[in-house]
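Protein chains: 2
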Amino acid sequence: MEKKDLDLRALAERIYALDEKVYEILGSSLGRVYNGDRDYDLNYIVELLESQKGSYVLRDELALIGNMAKTIENSALQAQMMEEYHSIVQMTKKQAEHYTRIEILDEKRAQLNAMPLKKRFSDQDKKIICIGRTYGSGGTEIGFALAEELKLNYYDSAMFAEIMKRMEAGNTTVWQSRNLYQRGEANAPVYRGDPFTEPSKTSLRELFDDFSRNHGLPKRDALFFSQSKMICDIAQTENFLIVGRYADIVLTNEGIPHVNIFITAPFEKRVTRMKEMHPEMSEKEIRSVMKRSDRRHVRDYRYFTGKHWESAENYDLTVNSASYGIAGSVDLILEMLDGDVIS
Amino acid sequence: MEKKDLDLRALAERIYALDEKVYEILGSSLGRVYNGDRDYDLNYIVELLESQKGSYVLRDELALIGNMAKTIENSALQAQMMEEYHSIVQMTKKQAEHYTRIEILDEKRAQLNAMPLKKRFSDQDKKIICIGRTYGSGGTEIGFALAEELKLNYYDSAMFAEIMKRMEAGNTTVWQSRNLYQRGEANAPVYRGDPFTEPSKTSLRELFDDFSRNHGLPKRDALFFSQSKMICDIAQTENFLIVGRYADIVLTNEGIPHVNIFITAPFEKRVTRMKEMHPEMSEKEIRSVMKRSDRRHVRDYRYFTGKHWESAENYDLTVNSASYGIAGSVDLILEMLDGDVIS
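Line by line, the protein sequences give chains L and R.
Read in order, the letters of the first sequence correspond to residues 0 to 342 in numbering that gives the first Met the number 0.
Read in order, the letters of the second sequence correspond to residues 0 to 342 in numbering that gives the first Met the number 0.
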C-alpha cells in the first residue's frame, strides 16, 4: 500500500468517524450516511476520494453529515463536530484538486473584464466601468451615482451625442450648439438620446446626406466607428464610467480592461416607472416605445457582436434593479467593487 | 420672487461660476458649458432645475464640468473645484428629489428577495440563498463553496433526489438505498441529478407506474410539489443554500425571503469545461446533452412560472463565472453579501 493510499484511508476513517459521532449525538431518524460494515464503507469512501465523479458524490455525502451536525444543540459539541467537518472538507478539496480543478475562468475574458476586487487592473490601466441597461431600469441613474461615488468621469449617450455633434460642426463647440438648441435658435438635434423624444423617422434626403457624409458607410456603422474611436481615446487618458454606447464591445475588441455591468428589471416594472416619469404619454405609447427600444438594442448588438444583448453571459455581472432599487443597486455594486481598490 | 426661486437662482449662480472658474484654470479647447450671456444662462439653469427632464440635462452638463475639473493639474485647485462640484451635485440631487425620486424598486420583490447587505432579513427569517445555474458554469461548485464560507446548510439536486427516494421508499433510509446502489445491489436510481448520466428515456410501463403513484398528476408536477413541500419545510427550520430545484419559484410563491442568484457562462466556455470533466464523451455528445439540458430548464421554468429561465430579471443578481472563475465568483458574491450580516 502506497503512501497516498494510506493518507486516503486515514481521511476516509475521519469521515466515517464523523458520521458515526454525529449519529451517536443526534440519534437522528435520518439514519447514518455510512451504515454498512466499516471496512466496506472505508473502501467505498477511498474509491470516492480517488475519482472525479466520486469527489462530487462525497461532497454531497459530507454536506449531509454537516447539515445534521449543525442541528446539534450542545454548542460545544456542535463546534467540535463542525470543526472536524470543515477540516475534512478542506482536505477532500485538496485531495480532489488535481482532477476537479477544472476552471470555468476565461483567462482572456478575465484580463479584459477586470474586477478591482481581484486587482486585475494594472497600474498603467485606466479604471473603466461600462454600464449597459434596459430602458426604464434606472441604469443611467445608477451609473451616474456610481461615477459620483467612485470619483470617475461620467459619460452617457446624451453626452456622446453632444460631443459627436461638436466634432461634426467643426469649430462650433458642443455647448454652443446645445445652448442654441435649448433657446430654439438652432435646428433641434436629437434630444439627449432619450428614446421617448428621439425622432423615429428619417427622410430619404437625410439618409442620402448621411450616406455621402459617412463615405459610403451605413450611418449605423459610421456612428459606431466614430464613437469607438472616441471611447478608445478617452480610455487612454481618463478613469471613467460610461452608460450605454456598447462601450463594452469597443473596449473588448481593443483589448482594454474594463468592468462590464448590465442593469435590468422586469418589463412590467419598467413600464410602471416610465409611466411615472412620462405622465404626458399613454401607457400604450410607452409600451410601444419601450419594446421598440429593446428591439433596437437587440438588433444593433447582434449586428456588431453576433450575440444577444440581454444575455447575462456578455457581462461580468447583471443586476436586477427591481430587487434593490436605485440606491440599493449602487450600494450593491460598490460593495462588490470594493471601493478602496478602484479609487 | 419666492424663497424657492431665490435658492434655485443661488444654486444656478454657483453652477455658472464653477463652469467659469474651471474654464479659466484650464483654458480648455472644449470651450465652456455655459457661454451665452450670464443672465440668459442663469435663467436657463433655473429652468433645468425646475423640471424633471431638465434635471437630467443639468446632470450631464454638470458631469461635463466635473470631467474637465478632474483634469486640473494643480492638486489644491483641483480639490477645491471638485469639492464645489460634488457639493453642487448633492444640492441638485436634493432639488430634483421630489420629481426624480421615481423608483424601480419592487417593494414586494425586495421583501422576498432579501439581500443581507440591506438587512432585509428579519430576525425570524431563516437565511436562504438560491443558486440557479446553467450546466457547466461551475454554479454547483460555487454554491458549495459559498455554503461552506457562510456556514449554511447545503442542498443540491443530487441530495434532493436521494431524500425523495428515501421518502418514496418509506422505511429504507436514503443512505441505505444509496449504498446498495453504489455496491450494485439495488436497482440503479437516477445518477445524482447529473444530466450526463441520467437516463433520457422512460418506458411506457414506468410512465403508468408514475401516473398511478402520483395520484394522476403528471410526474413533473408531482415531483415539483413534493420538492416544494420539502423546501418549505426546510425553510422553517434551517439557514441554507440550495443549488437548482427551482427553489426560487417555490420560495417566492410561498412568500419566504431569500437571495436569488443565477450563475452562467458563455456556452462555448461551458463546453470546454465539460470536455475536461468528461473526457470519456465526444464533443458532439457533450454539446447535444448540454443543449438538451438548457432546453429542459427553459421548458420547465416556463411551465411553472411563464417566464424565461435564463432572463436576468428573474434573479437578484447574475454572475458570469467565466469572468471571475470559480473561486473569484465565490469571493465576488461573498463581498456582495457582506458576510458578517448573513452569518
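Source of the hints: derived by calculation from the structure; they are not laboratory data.
Virtual Cβ for every residue (Gly too), placed ideally from N, Cα, C.
Check before you lean on any hint, since a few could be wrong.
Claimed, not checked - Among the chain L residues that face chain R by a calculated CB cut under 7 Å, a handful are: (1) Y153; (2) S156; (3) M158; (4) V318; (5) N319.
For each hint, the structure was consulted:
1. This hint holds: Y153 of chain L has a C-beta 4 Å from the nearest C-beta of chain R, less than the 7 Å allowed.
2. Using the Cβ-Cβ criterion of 7 Å, the hint placing S156 of chain L at the interface with chain R is not satisfied: the shortest such distance is roughly 10 Å.
3. Against a cut-off of 7 Å between C-beta atoms, the interface hint on M158 of chain L holds, since the closest Cβ of chain R lies about 5 Å away.
4. With a least beta-carbon distance of about 6 Å to chain R, the hint placing V318 of chain L at the interface is held under the 7 Å criterion.
5. Evaluation of the N319 of chain L hint against chain R yields a held restraint, the C-beta minimum of about 5 Å falling below 7 Å.
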